[in-house]
Amino acid sequence: MSTLFALTVFVFYRILQQRGIGLLVDEVQNGCGATGLFWAHEHFRFSDTPYVVTFSKKMLTGGFFSKESFVPKDVSKV
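This note's numbering runs 360 ahead of the 1-based position in the sequence shown.
Heads up, some of the hints might be wrong.
[Stated by the list, open to error] Ranges between beta-carbon positions, derived for each pair: (1) R374 to F430: 16 to 24 Å; (2) L364 to F406: 12 to 20 Å; (3) T395 to D434: 35 to 43 Å; (4) V369 to S426: 28 to 36 Å; (5) F404 to R379: 31 to 39 Å; (6) Q378 to E428: 28 to 36 Å; (7) A366 to S436: 36 to 44 Å; (8) R374 to S436: 30 to 38 Å; (9) A394 to D434: 31 to 39 Å; (10) E402 to V371: 17 to 25 Å; (11) E428 to F372: 31 to 39 Å; (12) F430 to V388: 28 to 36 Å; (13) D434 to A366: 35 to 43 Å.
Simulated from the structure, these hints should not be mistaken for lab results. Here the structure is a predicted model, which means the values were calculated and not measured. For each residue, glycine too, the CB sits at the ideal point set by N, CA and C.
Modelling step: build the complete structure from the supplied sequences, incorporating the hints.
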């Protein structure tokens, strides 16, 4: 991973934090150990966990995890 890429990710993450916007991480290509850690975003050591993590392919299934605070109060209206 290049230093410029890592710096760009951290600047973007800081902007999200300042504006109260949740981080969504797409791990479809890089999850499941492809980068040396189970989740590729673990390399960044963010100060908080992402709001949503999507995954698929290598796990032979697709899905997502999300923080409870990200789930709508009335899911029947989604």
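Quick one: are A366 and S436 within 36 to 44 Å, going by C-beta? 41 Å, holds
Take a look at whether the Cβ-Cβ distance between T395 and D434 falls inside 35 to 43 Å. 38 Å, holds
At the C-beta level, are R374 and F430 separated by a distance inside 16 to 24 Å? Given a distance of about 20 Å, which is inside 16 to 24 Å, the answer is holds.
Quick check: does the Cβ-Cβ distance between V369 and S426 fall within 28 to 36 Å? 20 Å, violated
Is 31 to 39 Å respected by the C-beta to C-beta distance linking E428 and F372? Given range 31 to 39 Å: violated, Cβ gap about 24 Å.
F404 paired with R379, Cβ distance criterion 31 to 39 Å: Hint violated: Cβ distance 19 Å, outside 31 to 39 Å.
Is it true that the C-beta distance of Q378 to E428 lies inside 28 to 36 Å, as the hint says? 23 Å, violated
A394 versus D434 beta-carbon gap, inside 31 to 39 Å or not: Since the Cβ atoms of A394 and D434 sit about 37 Å apart, the hinted range of 31 to 39 Å holds.
Could you check the hint for me, namely that L364 and F406 are 12 to 20 Å apart, CB to CB? At 18 Å between Cβs, range holds.
Range hint 30 to 38 Å: satisfied by the CB atoms of R374 and S436? 36 Å, holds
In this structure, is the beta-carbon distance linking E402 and V371 contained in 17 to 25 Å? 19 Å, holds
C-beta pair D434, A366: status relative to the range 35 to 43 Å that was hinted: Roughly 39 Å apart at Cβ, these two residues keep to the hinted range, so it holds.
Hint violations for this structure: numbers 4, 5, 6, 11 and 12, all remaining hints satisfied.
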